[in-house]
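**Student:** When you line the sequence shown up against this note's numbering, it's residues 14 to 223, in that order.
There may be inaccurate statements among the hints.
[Said to hold, decoys possible] Restraint-style ranges between C-beta atoms, simulated for each label pair:
#, residue 1, residue 2, range
1, Asn-89, Ser-143, 38 to 48 angstroms
2, Phe-195, Asn-70, 46 to 56 angstroms
3, Glu-119, Lys-54, 22 to 32 angstroms
[Claimed, not checked] Calculated cross-link-like contacts (lysine-lysine; reagent style PhoX-like; alpha-carbon spacing at most 20 angstroms):
#, residue 1, residue 2
4, Lys-190, Lys-202
5, Lys-101, Lys-35
6, Lys-101, Lys-135
7, Lys-92, Lys-27
8, Lys-124, Lys-153
9, Lys-69, Lys-101
10, Lys-153, Lys-202
11, Lys-27, Lys-72
12, Lys-135, Lys-124
13, Lys-127, Lys-144
14, Lys-54, Lys-72
15, Lys-221, Lys-211
16, Lys-35, Lys-124
17, Lys-127, Lys-92
18, Lys-54, Lys-101
19, Lys-72, Lys-35
20, Lys-69, Lys-35
21, Lys-92, Lys-72
22, Lys-27, Lys-69
23, Lys-91, Lys-54
24, Lys-69, Lys-91
25, Lys-135, Lys-153
Derived from the structure by calculation, the hints contain no laboratory data.
As the structure is a prediction and not an experimental result, all values here were calculated from the model.
Every residue, glycine too, gets a C-beta built ideally from N, C-alpha and C.
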Amino acid sequence: MSKEKIYSEIIMVKTTEVMPNKYNPNIMGDGTFKSLMEDFKENGWIGQPVIVAENKNGKFEIIDGYHRWRAATLLNFKKIPITVFNPKDEDHQKIVTIALNSKRGEINPLKLAKLITELNNKYTLEELSSKLGFGVADLKDKLSLTQVTEEFMEKIRKDSVEREKEIPVIINFAVSKQQGEFISGVLEKIEGKNRGEKLYLLCDLYLKQK
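Kindly produce the complete structure, drawing on both the sequences and the hints.
**Tutor:** Shown next, in the form of structure tokens:
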């Protein structure tokens with residue numbers, strides 16, 4: 014493997030030459046972003062460079078590092094450090110964005126579901142599982158969210174002010190590896206559209222037997 018494959022050159026460019034992409038699924042809470050701004054104010058640029066890809070207009074489009082770029086922009090940093098990555102195509106660029114952002118921060122589930130749906134037109138779930146680091150079952154769960162349109166979600170939010178309607182939520186919980194394997198094995202034996210529905214059916218059955 015060549016050194017070019019291992020090391021990426023870090024260069025300084027004008028902040029205005031860098032632009033966000035339209036599909037970044039990563040989100041950051043106000044408190045966390047405020048803390049990032051305070052760090053930048055006190056210490057200057059800290060952390061990794063922004064990873065970008067050069068687009069057709071000669072601008073650098075962000076693959077990873079949007080919130081660092083945004084903080085630097087708001088603080089009027091003239092230049093920021095970047096590393097230029099050359100994706101094979103737009104789908105490859107999206108895959109790298111998801112893979113990097115899913116390892117830290119919070120992910121907008123609807124944006125991620127939309128991205129995975131687009132990529133699923135080209136890649137199988139097994140291929141995406143290998144590229145993105147999600148299990149096939151996880152990908153199926155995320156894809157099920159695309160059935161809930163943003164318009165529908167907005168309507169539910171408005172209606173829920175006057176009526177007690179449920180808004181779909183993402184539930185995460187930590188268990189040991191052994192417990193996780195056991196739970197996954199049980200859920201695989203239950204009929205249902207996705208693991209969320211299967212877990213609900215399992216809990217419902219448990220309460221009925223009490």
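**Student:** A separate judgement is required for each hint: does it hold in the structure or not?
**Tutor:** Hints versus structure:
no.: 1; hint: Asn-89 - Ser-143: 38 to 48 angstroms; in the structure: holds (42 angstroms)
no.: 2; hint: Phe-195 - Asn-70: 46 to 56 angstroms; in the structure: holds (52 angstroms)
no.: 3; hint: Glu-119 - Lys-54: 22 to 32 angstroms; in the structure: holds (23 angstroms)
no.: 4; hint: Lys-190 - Lys-202; in the structure: holds (19 angstroms)
no.: 5; hint: Lys-101 - Lys-35; in the structure: holds (18 angstroms)
no.: 6; hint: Lys-101 - Lys-135; in the structure: holds (14 angstroms)
no.: 7; hint: Lys-92 - Lys-27; in the structure: holds (4 angstroms)
no.: 8; hint: Lys-124 - Lys-153; in the structure: holds (15 angstroms)
no.: 9; hint: Lys-69 - Lys-101; in the structure: holds (14 angstroms)
no.: 10; hint: Lys-153 - Lys-202; in the structure: holds (16 angstroms)
no.: 11; hint: Lys-27 - Lys-72; in the structure: holds (10 angstroms)
no.: 12; hint: Lys-135 - Lys-124; in the structure: holds (18 angstroms)
no.: 13; hint: Lys-127 - Lys-144; in the structure: holds (17 angstroms)
no.: 14; hint: Lys-54 - Lys-72; in the structure: violated (26 angstroms)
no.: 15; hint: Lys-221 - Lys-211; in the structure: holds (15 angstroms)
no.: 16; hint: Lys-35 - Lys-124; in the structure: holds (10 angstroms)
no.: 17; hint: Lys-127 - Lys-92; in the structure: violated (33 angstroms)
no.: 18; hint: Lys-54 - Lys-101; in the structure: violated (36 angstroms)
no.: 19; hint: Lys-72 - Lys-35; in the structure: holds (14 angstroms)
no.: 20; hint: Lys-69 - Lys-35; in the structure: holds (15 angstroms)
no.: 21; hint: Lys-92 - Lys-72; in the structure: holds (14 angstroms)
no.: 22; hint: Lys-27 - Lys-69; in the structure: holds (18 angstroms)
no.: 23; hint: Lys-91 - Lys-54; in the structure: holds (14 angstroms)
no.: 24; hint: Lys-69 - Lys-91; in the structure: violated (23 angstroms)
no.: 25; hint: Lys-135 - Lys-153; in the structure: holds (16 angstroms)
In this structure, the hints that do not hold are numbers 14, 17, 18, 24, in rising order.
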